[in-house]
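Asker: One letter stands for each residue in the lines below.
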Amino acid sequence: MTISGFPSRTPIAACALIAMVLLMQPSVQALDVVLDITSGEAKPIDIALPFFTCAQPGNESIIEEIHRIFVQDLEYSNRFTVVDISRFFPTGTTEMTNPNFKEWYLAGIAALITGHINMGGDEIEVNMRLFDVPMGNQIIGVRYKTPYAKLRTVIHKFADEVQFRLTGERGISFSQISFVSNKSGHQEIYVVDPDGGLLQEITANGTTNLSPAWAPGGGKIYYTSYAGGRPDLYVYDLESSKSSPLVKGGMNITPAISADGQFLTWSMSFDGDPEIVVAPVSGKSPKRLTSTPGVDCNPSFSPGGNELVFTSDRSGDPQLYIMDIEGGNLRRLTVTGDYNTAADWSPRGDWIVYHSRREGVFNLWLVHPDGSDDHQVTADAGHNEDPCFARDGRHFTFISSRNGGKGLYISDLSGQKVRPVLIMHGICANPSWSR
Amino acid sequence: MKTKFFNFVMVGFIGASLLISGCSNKKAPKADEGKTGPKTEAKTQDDTGKSGMDDPKKIKLLEAQAALSDVDVYFDFDQSTLSSDAKANLDKKSDYLKNNKDLRITVEGHCDERGSNEYNLGLGERRASSIKKYLVSKGISESVIETITFGEEKQVCMEHNESCWSKNRRGHIAINQ
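These protein sequence lines map, in sequence, to chains P and A. For the first sequence, the positions run 1 to 435 when this note's numbering is used. For the second sequence, the positions run 1001 to 1177 when this note's numbering is used.
Okay, chain P solo, but in the shape it has when bound (with noise of 0.2 Å):
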């Protein structure tokens, strides 16, 4: 059993991979714990990362860095106790393969991380192992060669196979979240991992750049741009790093794609008016599903494709309206404010996130796909708009003046563990997080 089949979903993750190998057989023995993943209350695993022991003396910064990224990926999933073990283990030179597990069961310990790094050249080679503590056995070990600047990659990778080892639920951490940034003078879009690490840009064409939405499994970003003068489609490709008009002419905005990456749905103007439209994702032959006068636009797909959220004013202010994918069976889902848009459908499909506009204030809403349980998520901090789940379902990403300019943080559900991503990074705007 590898983990050779964790996919890889972006070029930096493609390169950082050099090798990687497995210690020695997993046991496939599930942990002693029972978890309830759908709820999000999950009781959390008490787990134990010693810091990682490294070959040569002398590399303490970059240990704790090591533990630091890793101990705020295992405690953002919500899914683990970081428990401090430091009495325990003072770092060393040797690697620990063979725990004394009796020691770590009576300290309370369900699971336990540890790794070894190797100082090579231009490279670092880093071995992880997960055990599982009260069974008393190696769950899986993997072995990274990567050049220092992509460390905090593998990192998130193991942390989101420990996770899914541990509670069969994917990690978040080895993602990206594009969104759009004034910070060069012109509006353009960036990737940033969801800890803030490693800021890319993507766009660099001096005109005004919207709406990023990721293709699943990340790698191709579809947006709007103004390069060509007007409001048009373009995908652009973090492998090649290159962009491609994709829908020209008119006005073509709010592009999003399906789970399964087959469909791209917009808005698209007809005679002025802004409707939704399907098309496969080379935006070829749209089918356009509303035909009512108004702005219709921010369409999001379900997770099984066969339904669209979106926005419309056709009632004198923009709501959110939910419709099949032949644009029949509609139905209004929100009926409180009058300034409820920016929606996105969670991959999980429990909930729909969106923000409301209220005495000129913006925040964050959550509600059921059939309109129950319509709640407030963040109040009495700045605005906070522009929502976009996290392929989780249990966490999204969005855009707070909470800390003065419009900075970029993620969340989870309650909208009580809020963590910036970006703040002073000129005014942000239109998250998406790759799934």
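Everything labelled a hint here was simulated from the structure, so no lab data went into it.
30 Å max Cα-Cα, derived BS3-like pairs, lysine-lysine:
(1) A/Lys1058 / A/Lys1138
(2) A/Lys1133 / P/Lys287
(3) P/Lys248 / A/Lys1101
(4) A/Lys1133 / P/Lys284
(5) A/Lys1098 / A/Lys1058
(6) P/Lys242 / A/Lys1154
(7) A/Lys1057 / A/Lys1092
(8) A/Lys1087 / A/Lys1057
(9) A/Lys1167 / P/Lys183
(10) A/Lys1057 / A/Lys1138
(11) P/Lys183 / P/Lys220
(12) A/Lys1154 / P/Lys183
(13) P/Lys248 / A/Lys1133
(14) A/Lys1154 / P/Lys248
(15) P/Lys220 / A/Lys1154
(16) P/Lys220 / P/Lys287
Now the stretches of chain P that chain A is said to cover, found in silico as 3 or more residues with beta-carbon under 8 Å:
(17) 251-262
(18) 266-276
(19) 291-303
Label pairs and their in silico Cβ distance ranges:
(20) A/Ala1088 / P/Gln262: 46 to 54 Å
(21) P/Gly120 / A/Cys1164: 53 to 61 Å
(22) A/Cys1164 / P/Gly185: 14 to 22 Å
(23) P/Gly92 / A/Met1158: 53 to 61 Å
Backbone N, C-alpha and C fix where the C-beta goes; we use that ideal spot for every residue, glycine too.
For this one, chain P is given, so just place chain A on it according to the hints.
Answerer: Just chain A now, kept in the frame of chain P:
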């Protein structure tokens, strides 16, 4: 008389610079990632300054600017319908267009900053379309009017108050060259 002429020239200059900025987008490079910056406006303005005043075509353009571009059409908050003031403004513009049938125009729809930037693109499209439809209803040929939305992406006033917001909720007419 002298003062009047001076005013005309000044209006022309302002109009010309508005025109240049209004059209700079259309001249943006087709290739998306060419890293070509925006057109250098200073150079274009110099060209206008040197040859603009004597050239009858340029003078006609400046006159069209003064008639169509200098006074924008304003919208109510979150609305794309035309107020009576907006219609009165457009009536003058349609008269001018009727007498200058060779002109080609682009109607830009703009919004203030308070909405959602994506919804505002749609609202700007509707605003531009409202203006186009009104001009067509007054007898202007559909074929001479293009529309484009800029949503809230091109503000003319940067402060965060109603005085500024009302200036940003606008339809702007640019002359196509």
